[in-house]
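Asks: Using the sequences and the accompanying hints, generate a full structural model.
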Amino acid sequence: MRRINNLLATGTVAFALTAAPSAWAAGTIAGTLIQNTASATFSSGTSTTTIESNTVSVKVDQLIGVAVTALTTAPATVGTADAVLVYQVTNTGNGSDAFDLTGAPNVAGNGFNATLRTVAIDTNGNGTYDPGVDTVITNGAASQAIAPDASIKVFLVTAAPPAATDAQTSQVRLTAVSTIGSGTPGTVFAGKGTSGVDAVVGASGGTANALAGLISSLATVTLTKSATISDPYGGTNPVPGAMVLYSILVHATGSGTANSLAVTDAFPAGTTYQPGTIMLAGSPLSDAADSDAGAASASGITVQLGNVAGGSPDKTISFKVKIN
Amino acid sequence: MRKFSHGVMAALVVLGAAPALALAAPGAVSLDSTIRLDKVITEKGLTRHELVAPQKVVPGNHLVFMTSYRNTGDKPVDHFIVTNPVPSAVALETAGGDSFEVSVDGGKTWGPLAQLTVAKPGAAPRSAQSADVTHVRWVIPAIAPGATGTLEYHAVVR
Numbered sequence: 028m029r030r031i032n033n034l035l036a037t038g039t040v041a042f043a044l045t046a047a048p049s050a051w052a053a054g055t056i057a058g059t060l061i062q063n064t065a066s067a068t069f070s071s072g073t074s075t076t077t078i079e080s081n082t083v084s085v086k087v088d089q090l091i092g093v094a095v096t097a098l099t100t101a102p103a104t105v106g107t108a109d110a111v112l113v114y115q116v117t118n119t120g121n122g123s124d125a126f127d128l129t130g131a132p133n134v135a136g137n138g139f140n141a142t143l144r145t146v147a148i149d150t151n152g153n154g155t156y157d158p159g160v161d162t163v164i165t166n167g168a169a170s171q172a173i174a175p176d177a178s179i180k181v182f183l184v185t186a187a188p189p190a191a192t193d194a195q196t197s198q199v200r201l202t203a204v205s206t207i208g209s210g211t212p213g214t215v216f217a218g219k220g221t222s223g224v225d226a227v228v229g230a231s232g233g234t235a236n237a238l239a240g241l242i243s244s245l246a247t248v249t250l251t252k253s254a255t256i257s258d259p260y261g262g263t264n265p266v267p268g269a270m271v272l273y274s275i276l277v278h279a280t281g282s283g284t285a286n287s288l289a290v291t292d293a294f295p296a297g298t299t300y301q302p303g304t305i306m307l308a309g310s311p312l313s314d315a316a317d318s319d320a321g322a323a324s325a326s327g328i329t330v331q332l333g334n335v336a337g338g339s340p341d342k343t344i345s346f347k348v349k350i351n
Numbered sequence: 798m799r800k801f802s803h804g805v806m807a808a809l810v811v812l813g814a815a816p817a818l819a820l821a822a823p824g825a826v827s828l829d830s831t832i833r834l835d836k837v838i839t840e841k842g843l844t845r846h847e848l849v850a851p852q853k854v855v856p857g858n859h860l861v862f863m864t865s866y867r868n869t870g871d872k873p874v875d876h877f878i879v880t881n882p883v884p885s886a887v888a889l890e891t892a893g894g895d896s897f898e899v900s901v902d903g904g905k906t907w908g909p910l911a912q913l914t915v916a917k918p919g920a921a922p923r924s925a926q927s928a929d930v931t932h933v934r935w936v937i938p939a940i941a942p943g944a945t946g947t948l949e950y951h952a953v954v955r
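Chains A and B supply the protein sequences, listed in that same order. For the numbering used here, add 27 to where a residue sits in the first sequence, where the first one is 1. For the numbering used here, add 797 to where a residue sits in the second sequence, where the first one is 1.
Bear in mind the hints are in silico, worked out from the structure with no lab data behind them. Where hints are given, some of them may not hold.
[Stated by the list, open to error] Reference listing, derived: stretches of chain A covered by chain B, where coverage requires no fewer than 3 residues with Cβ under 8 Å from a Cβ of chain B:
hint, segment
1, 74-83
2, 87-98
3, 217-231
[Stated by the list, open to error] Looking from chain B toward chain A, a few residues come up when the C-beta cut is under 8 Å (computed):
hint, residue
4, G824
5, L828
6, V854
7, V855
8, V954
Positions of the beta carbon are idealized from the N, C-alpha and C atoms, including for glycine.
Replies: Next comes the structure, spelled out in structure tokens:
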């Protein structure tokens with residue numbers, strides 16, 4: 028029925044040619060009228076006549092299309108800091124469309140599944156995630172309307188989960204689905220297109236996705252504790268009055284960094300801490316919780332090692348207690 | 798649906814032809830324009846084309862623009878030239894050997910596509926492509942009273 032209405036409507040209009048030209052890769056904009064009017068001249072005897080045909084009009088419907096590419100091409104390092112993966116979502120259809128954006132860290136073959144912290148749309152178009160500037164959306168929520176052939180950049184901010192180990196790889200998928208509709212190519216959503224035209228699912232099926240890679244960069248810290256006993260009689264027996272020197276060897280491996288590493292050790296029951304005996308790498312530390320790295324409390328000692336990169340030289344912490 | 802559509806088309810033809818009748822007593826020709834969607838149907842590995850009413854048209858669809866003429870008078874007419882602008886939203890599709898001449902400059906110059914060029918600012922003109930065509934036209938030497946014909950060109954929606 029619609030077609031006939033179009034014909035009637037345009038039949039009464041003057042013999043205007045078609046609307047604005049379009050140089051869109053996505054194709055003629057949805058809602059454009061394709062109008063056809065032929066004219067003819069002929070002679071009959073001595074007179075020349077010009078005639079025009081009726082004008083036939085066809086309205087271009089909306090083709091739904093979307094493409095997603097990962098702009099993060101080399102695996103992004105995740106570990107000490109979050110990784111921001113960048114994707115581009117392009118409306119390859121010929122009408123305005125918004126797309127539901129879903130980040131999914133669970134991809135088959137992953138060494139670990141990243142924790143998805145934030146989904147954001149690049150508001151200022153600089154391609155870099157600017158917290159507080161770029162628009163954060165709920166995972167799975169829709170983008171703003173994107174003009175035909177236009178694209179947006181989408182950020183997935185990811186963190187390494189506790190289970191991840193150093194140098195594992197992972198992929199994170201961003202999927203965009205047309206809010207007009209998706210499904211088998213050719214599926215029609217009547218009246219759902221720009222300015223009420225019908226929308227037709229294109230070859231993409233109205234959905235697209237892309238994967239971006241992560242590589243974990245983590246540090247693993249190993250503590251090895253040993254004790255040296257010296258009894259009051261010149262021997263090494265754990266008798267009352269014997270001194271125990273505890274040594275803790277701190278060993279960090281991996282490509283990442285252990286941030287704000289603090290080593291704590293509780294005093295064993297039945298012992299008394301010997302004040303002023305905390306040593307770090309052969310240098311004494313004070314017992315007070317002050318500017319130096321060491322502190323002793325009634326229950327144990329703490330040594331702040333700061334940020335320790337994997338592969339950095341081992342550190343030894345020691346302190347003394349006396350067996351009561 | 799198709800039948801009804803034809804009925805409406807016929808009514809429009811009468812409207813369109815009315816001014817011509819009034820102006821030209823000696824000869825009268827009616828001109829009827831239609832657009833059909835060239836639907837490619839693949840069934841059991843076989844591809845066939847079906848011309849249907851353009852219910853859904855999206856970029857990439859193939860359209861057939863048809864112009865039917867009929868000499869409705871009782872005298873022959875001659876030097877019958879049908880000019881059809883190609884809508885800017887479509888690109889002509891031609892494999893050569895067409896019955897029509899084309900223009901790539903809005904109808905100023907005409908000829909076979911292979912002989913036309915498109916001016917490029919600051920460079921040598923390039924050969925015209927089918928997508929450059931702005932108009933097509935057919936030149937028919939004479940139409941006898943009551944004679945009819947259909948002229949068509951194919952185009953793809955840009």
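Asks: Determine for every hint whether it applies to the structure shown.
Replies: Against the structure, the hints come out as follows:
1. 74-83: Held - the segment 74-83 of chain A has 9 residues with a Cβ nearer than 8 Å to chain B, which meets the minimum of three.
2. 87-98: holds (count 4)
3. 217-231: Holds, because 3 residues of the segment 217-231 of chain A bring their Cβ atoms closer than 8 Å to Cβ atoms of chain B.
4. G824: Result: holds, 3 Å to nearest chain A Cβ.
5. L828: 4 Å, holds
6. V854: V854(B) check passes; min Cβ-Cβ to chain A is 5 Å, inside 8 Å.
7. V855: With Cβ-Cβ at 4 Å, under 8 Å, it holds.
8. V954: Holds. Min distance 6 Å.
Hint violations for this structure: none, all hints satisfied.
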